[in-house]
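Undergrad: Sequence:
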Amino acid sequence: MFTWAMFISLLVVFASATPPIGPILVVALMPIITLMTLSACKHVDADRVMLPSMWGKPLKQPGVFRKLFLMGLMYAGLSMLAGLLTFLPFMDSMAEAYRIASVERSLDPILLAMRVPLTIFAIIYVVIAALFWHAPVLVAWHGLRLVQALFFSGIACWRNKWPFLVYGATWALVFLFIDLCAGLLVTMGLSPQFAGTLQIPFNIAAGGVLYCSFYPAYTSVFGINSASSQLDDGHSAEA
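Quick note: the sequence shown uses our numbering, first residue 1, plus one each step.
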């Protein structure tokens, strides 16, 4: 999964280098990436070695790629719509904050002006993420329609909201700890560029473990005890 995490990191780099199309495309591909990640975890859980030819296997089921790409477009569209609805009412105050920041040569006015819209957007985005969290596997492995998958994913996340809160907070602390270690290296005299370079493999390794955690989250939430036994049954749960 370290190699897979590296591949996803390269996608993020591509997205940051090709705005605005790159970020939209990467977000639209997230349901496909999620399914491929969980399928790989299912094979590993069954003590199988992931071969390069196996990564694209879950997308070969009839209609899966089309449905997941449509899901990704919906995900990207809802995220952008949430951003527009959140930030548009605050455009005047943010423009004024940018003007003050340029005069005072300080980021504090911008950070203060962004605090409220960012908080609102974060709350809305959590709701959107809950709808799409389990939806890819519900479509690919359980044969649900797109709207059904979004509904049951949201219900599953709501019923397990406290464990997911701990889950999210734990991973936030993990990545904050990595950033803190990089900051400590800078205070010890290392250049920020070199400290950032040293941080990259740790971020990728943590990302790989994070992606692997999606599969046990799915099996525990939906009470699936032997998903690996469905690998070759030819039904909708095929990986």
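Do not rely on the hints blindly, as some may be mistaken.
Stated by the list, open to error - Derived CB-CB ranges, DEER-like:
1. 100 / 122: 34 to 44 Å
2. 123 / 206: 37 to 47 Å
3. 69 / 108: 19 to 29 Å
4. 123 / 146: 18 to 28 Å
5. 123 / 180: 20 to 30 Å
6. 213 / 59: 16 to 26 Å
7. 142 / 181: 36 to 46 Å
8. 88 / 44: 22 to 32 Å
Hints are computed from structural coordinates only; laboratory data are not their basis. None of the values given here were measured: they were computed from a predicted structure. In this text, a Cβ means the ideal position worked out from N, Cα and C, and glycines have one as well.
Undergrad: Against this structure, judge whether each hint is valid.
TA: Do the hints match the structure? See the list:
1. 100 / 122: 34 to 44 Å: Distance hint for residue 100, residue 122 is violated at roughly 24 Å.
2. 123 / 206: 37 to 47 Å: Given range 37 to 47 Å: violated, Cβ gap about 25 Å.
3. 69 / 108: 19 to 29 Å: The hint (19 to 29 Å, Cβ to Cβ) is violated, given that residue 69 and residue 108 are roughly 42 Å apart.
4. 123 / 146: 18 to 28 Å: 24 Å, holds
5. 123 / 180: 20 to 30 Å: 26 Å, holds
6. 213 / 59: 16 to 26 Å: 22 Å, holds
7. 142 / 181: 36 to 46 Å: The hinted range 36 to 46 Å holds for residue 142 and residue 181, with Cβ atoms some 41 Å apart.
8. 88 / 44: 22 to 32 Å: 45 Å, violated
In summary, the structure is inconsistent with hints 1, 2, 3 and 8 from the numbered list given earlier, while agreeing with the others.
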